[in-house]
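With the hints as constraints, model all of the structure from the sequences given.
There are 2 protein chains.
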Amino acid sequence: MIRFGILGLGNIAHRFARSAQLNPNVTIEMVASSSQAKGEAFCQKYGIRHYTQDYTQLMDHPAIDAVYIAVPHGRHAVLVEKCLHRHKAVLCEKPLGLNAAEVSHLMQVAASEQVFLMEAVKGYFLPARDQLKEVLKQGAIGTPLYLEANFDSVVPYQKGKYLFEKGQGGALLDVGIYPLSFALDMFEGDPVVAQSKLVMSQGIDTYFQALLNFADGQSCLLEGSIDRARPRVALIQGTQGTLEIPYYYRCQEFTVTSKGQSQKYESSWHGDDMSGEIQEVVSCLQAGLLESRLHPLCQSLKLAQLLDDIRTKAVCFDVG
Amino acid sequence: MIRFGILGLGNIAHRFARSAQLNPNVTIEMVASSSQAKGEAFCQKYGIRHYTQDYTQLMDHPAIDAVYIAVPHGRHAVLVEKCLHRHKAVLCEKPLGLNAAEVSHLMQVAASEQVFLMEAVKGYFLPARDQLKEVLKQGAIGTPLYLEANFDSVVPYQKGKYLFEKGQGGALLDVGIYPLSFALDMFEGDPVVAQSKLVMSQGIDTYFQALLNFADGQSCLLEGSIDRARPRVALIQGTQGTLEIPYYYRCQEFTVTSKGQSQKYESSWHGDDMSGEIQEVVSCLQAGLLESRLHPLCQSLKLAQLLDDIRTKAVCFDVG
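Residue numbers (our numbering), protein chains in the order written: chain A, 4 to 323; chain B, 4 to 323.
No lab work stands behind these hints, which were simulated from the structure alone. It should be emphasised that the depicted structure is a prediction, and the values quoted were computed from it without experimental measurement. One or more of the hints may lead you astray.
One copy or two, either will do: identical chains are not told apart, so a pair holds if it fits within one copy or between any two.
Unchecked claim - BS3-like cross-link-like pairs, simulated, lysine-lysine; straight-line CA separation at most 27 Å:
no., residue 1, residue 2
1, Lys140, Lys305
2, Lys305, Lys136
3, Lys305, Lys85
4, Lys169, Lys48
5, Lys169, Lys262
6, Lys164, Lys267
7, Lys162, Lys140
Right, here's the structure in full:
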């Protein structure tokens, strides 16, 4: 049994709690939030016994094996580090750090403290991803060469919400990892950012687009936003056909089209779209691993470096 | 009065005839088509007196000042050249040639014969384009930096139709000039093709995408297809705002958004969306010009070179 504590009780913490309830090897021992009302409501809703306003109290609690970090982006690194020093295993919401320097530092701390650390990127742990990779490997669309993936949404501006705060807000930090991690999962090798652009508004990026090239000629066009809506979908084109993957980051089905024929593949989650990620932590801890083999820390670092590169190389459009 | 002859009586010839009827300085003297039924129906519909199945007869006719060439792409160059040698002014449907070599050759013939030649790219002659350029120049969106334009459509496969014939068919030759000419009209300088891709089916490209970079850091992402549908729109992003131009190739309105405020601009055609193009031929011929100043032949050559480059550099996806 893995006994979790949760830091931060926003939307994603609710999803974690619901999903954790589906896993017989997981309990949530304690949650922490600065808001007492939030904490009490959360405990009542999910039948959790302990609530604290003091994050340190949770991190020090001897009955806790692992901490799920679900606070705003800007506080990830400092809280991850505190947990690691206390020898608590950590599952941290993406992005693990605000930049590659933060991620690199956390990797060193995890290694020196010999504690498990994983960035919560649900997509890597879905059954459909294995099926997708198998279909690609079998040559269903010939040689895969081009990938498009977007994560667009309209988030109404809310003063004080961390998503709109300079430094920790913006589309790239919030949703950039979705299309980026998908591309890294489907294509092999290290891509370089050929071109990128950001639409900036009040100091944060509300839209990004990036073109990445892989050494062997593959390329991908990635997009994400908090200022526009369109269906979230990934597309992979190969020399012999096309793969279409709706909601690729929580994928349950995809369609292969080749030579005018379409075939649909389906594969359900075991539980919900977060179950794979939670089970991965359980499996790793039970096996005594310090990293996930499906989403190791070097991959988190690569994602952070690509996010940095997209930001650095971007042509910026400040729309005020 | 400019007396036109028309070679080829497909859809675009019908649009030309309708538009020509709106111009008091234009008559259509004669039309030519290999199909007698088409020819007779066309003459009856638009009140045209002469029809021939013999293209040479039309090109030699002394009562004709200018020839409008509306035959399939692959025959443009040879017919343009014949008309020029007979000292008939030529308005040729886009693309003027299948590649830069053809266009370059026609430029030389036009120059040596001292005859007017123009590629029919309607978009260059729309009142809204002047308005657009004025709005950009006045800094309504700050410094314009990025442009997106697409021309997507689903054309059902039709055996024998030139659009599906290897050599003269495909999306790039058919609609590539729409987004390309728009980009060249909005941004200054000569772009280079940074990256492109083609989806190939049965020997022709059914989709293209191209990323072009301008020397001063501006870039554009262009797309066209005959295998998918989405609204045809152009978008220009600047440091201070965004310009949205629906149906940019026959533009009547556009919207400027800056600092959260949107403003819509409207400007009707004089006549229809082809009227500007036809009037340009009339004005040039009346003024004794050998080229349009709004769409000179060096620009046609640039378009053809870019189409060649997009084709040469493209990553190709042969979907069978």
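Hint by hint, here is what the structure shows:
For a Cα distance limit of 27 Å, the shortest separation of Lys140 from Lys305 inside one copy, 23 Å, qualifies, whereas the shortest one across copies, 41 Å, does not. For a Cα distance limit of 27 Å, the shortest separation of Lys305 from Lys136 inside one copy, 20 Å, qualifies, whereas the shortest one across copies, 42 Å, does not. When the C-alpha separation of Lys305 and Lys85 is checked against a cutoff of 27 Å, the pair qualifies only within one copy, where the shortest distance is 23 Å, while the shortest distance between copies is 60 Å. Within a single copy, Lys169 and Lys48 get their C-alpha atoms no closer than 33 Å, and across copies no closer than 65 Å, so neither meets the 27 Å cut-off.
Only between protomers do Lys169 and Lys262 lie at most 27 Å apart by alpha-carbon distance; the minimum there is 18 Å, versus 48 Å within a single protomer. For the homomeric pair Lys164 and Lys267, neither the shortest alpha-carbon distance inside one copy (40 Å) nor that between copies (32 Å) is at most 27 Å. With identical chains, the CA atoms of Lys162 and Lys140 are never at most 27 Å apart, being 47 Å at best within one copy and 34 Å at best between copies.
Figure legend: structure checked against the earlier numbered hints; hints not met, in rising order: 4, 6, 7.
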